[in-house]
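J.: For the sequence shown, position 157 matches number 156 in numbering that gives the first Met the number 0, and the numbering has no gaps at all.
Possibly wrong hints are sitting among the right ones.
[What the hints assert, rightly or not] For lysine-lysine, the following DSS-like pairs were computed, each having C-alpha atoms within a straight-line distance of at most 30 angstroms:
| # | residue 1 | residue 2 |
| --- | --- | --- |
| 1 | K53 | K165 |
| 2 | K37 | K53 |
| 3 | K37 | K13 |
| 4 | K85 | K163 |
| 5 | K13 | K66 |
| 6 | K13 | K163 |
| 7 | K66 | K163 |
| 8 | K37 | K85 |
| 9 | K66 | K37 |
| 10 | K150 | K13 |
| 11 | K165 | K81 |
| 12 | K53 | K85 |
| 13 | K37 | K81 |
| 14 | K81 | K53 |
| 15 | K53 | K13 |
| 16 | K163 | K150 |
| 17 | K37 | K150 |
[To be verified] Between beta-carbon pairs, the in silico distance windows are:
| # | residue 1 | residue 2 | range |
| --- | --- | --- | --- |
| 18 | N131 | S95 | 17 to 27 angstroms |
| 19 | S119 | A152 | 25 to 35 angstroms |
| 20 | Q64 | G127 | 14 to 24 angstroms |
| 21 | D41 | R126 | 13 to 23 angstroms |
| 22 | K53 | S12 | 28 to 38 angstroms |
By construction, these hints were calculated from the structure, which means they are not laboratory data.
A quick note: this is a predicted structure, and the numbers were derived from the prediction, not measured.
Don't be surprised by glycine CBs; every beta carbon is placed ideally from N, CA and C.
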Amino acid sequence: MNACGQITICDFSKSNSLLDWTIINDGVMGGLSESDIKLNEDNNAVFFGVVSLKNNGGFASVRHQFKPLDVHASALLILSLKGDGKRYQIRVKANSGDRHSYINYFETTGEWQTVEISLSDMYPTFRGRRLNMPNFSGERIEELSILIANKSAEVFRLELESIKLK
Numbered sequence: 000m001n002a003c004g005q006i007t008i009c010d011f012s013k014s015n016s017l018l019d020w021t022i023i024n025d026g027v028m029g030g031l032s033e034s035d036i037k038l039n040e041d042n043n044a045v046f047f048g049v050v051s052l053k054n055n056g057g058f059a060s061v062r063h064q065f066k067p068l069d070v071h072a073s074a075l076l077i078l079s080l081k082g083d084g085k086r087y088q089i090r091v092k093a094n095s096g097d098r099h100s101y102i103n104y105f106e107t108t109g110e111w112q113t114v115e116i117s118l119s120d121m122y123p124t125f126r127g128r129r130l131n132m133p134n135f136s137g138e139r140i141e142e143l144s145i146l147i148a149n150k151s152a153e154v155f156r157l158e159l160e161s162i163k164l165k
């Protein structure tokens, strides 16, 4: 943790590698959505693509696995990003092998913005269904995903400068 009490999960301006980011689209269940993540000329990560509803599809996501980070449920995820005016989902897992994720949503404005999401506000889901379990109360995270699934066919673009934990 730095002097400001923040842990950097990913700062794209200081790292030029996306090797530990994985695209997972609805093709895992027969869908036809397409997405990718690339570094742009400003050294920000850009998650972009097309969500298709064809063939029972409807989502695109990118996943980042990392060494476990000790956290408190009261911690905040802080994302510095520029979206496209669309709604996205953020997911975390305490253990990358867990079947369920803890999720919440954020809206983008089309401008640069800082999004803060409390880990304690993240609730458990599995395959889009809310689980009858408490909200995140864990002591660690080791996986983070960003997903778009707005029940519409759409083009999307989300530029990420950094993801931190406070």
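J.: Could you run down the list of hints and mark each one as holding or not?
T.: Evaluated hints:
1. K53 to K165: Since the Cα atoms of K53 and K165 sit roughly 39 angstroms apart, the hinted pair is violated (cutoff 30 angstroms).
2. K37 to K53: Given pair K37, K53 holds - Cα atoms ~25 angstroms apart, limit 30 angstroms.
3. K37 to K13: At roughly 15 angstroms apart (the allowed maximum being 30 angstroms), K13 and K37 satisfy the hint.
4. K85 to K163: holds, 21 angstroms
5. K13 to K66: holds, 18 angstroms
6. K13 to K163: holds, 13 angstroms
7. K66 to K163: Measuring from Cα to Cα gives roughly 14 angstroms; hence the hint holds.
8. K37 to K85: Distance of about 19 angstroms is within 30 angstroms: holds.
9. K66 to K37: holds, 22 angstroms
10. K150 to K13: It is violated: about 35 angstroms lies between the C-alpha atoms, which goes past 30 angstroms.
11. K165 to K81: holds, 20 angstroms
12. K53 to K85: holds, 20 angstroms
13. K37 to K81: holds, 15 angstroms
14. K81 to K53: Between K81 and K53 the Cα gap is close to 28 angstroms, so the pair holds against 30 angstroms.
15. K53 to K13: violated, 38 angstroms
16. K163 to K150: holds, 29 angstroms
17. K37 to K150: holds, 25 angstroms
18. N131 to S95: 17 to 27 angstroms: For S95 against N131, whose Cβ atoms are near 23 angstroms apart, the range 17 to 27 angstroms holds.
19. S119 to A152: 25 to 35 angstroms: holds, 34 angstroms
20. Q64 to G127: 14 to 24 angstroms: holds, 21 angstroms
21. D41 to R126: 13 to 23 angstroms: Distance hint for D41, R126 is violated at roughly 35 angstroms.
22. K53 to S12: 28 to 38 angstroms: holds, 37 angstroms
Checked against the numbered hints given earlier, this structure breaks hints 1, 10, 15 and 21; the rest are met.
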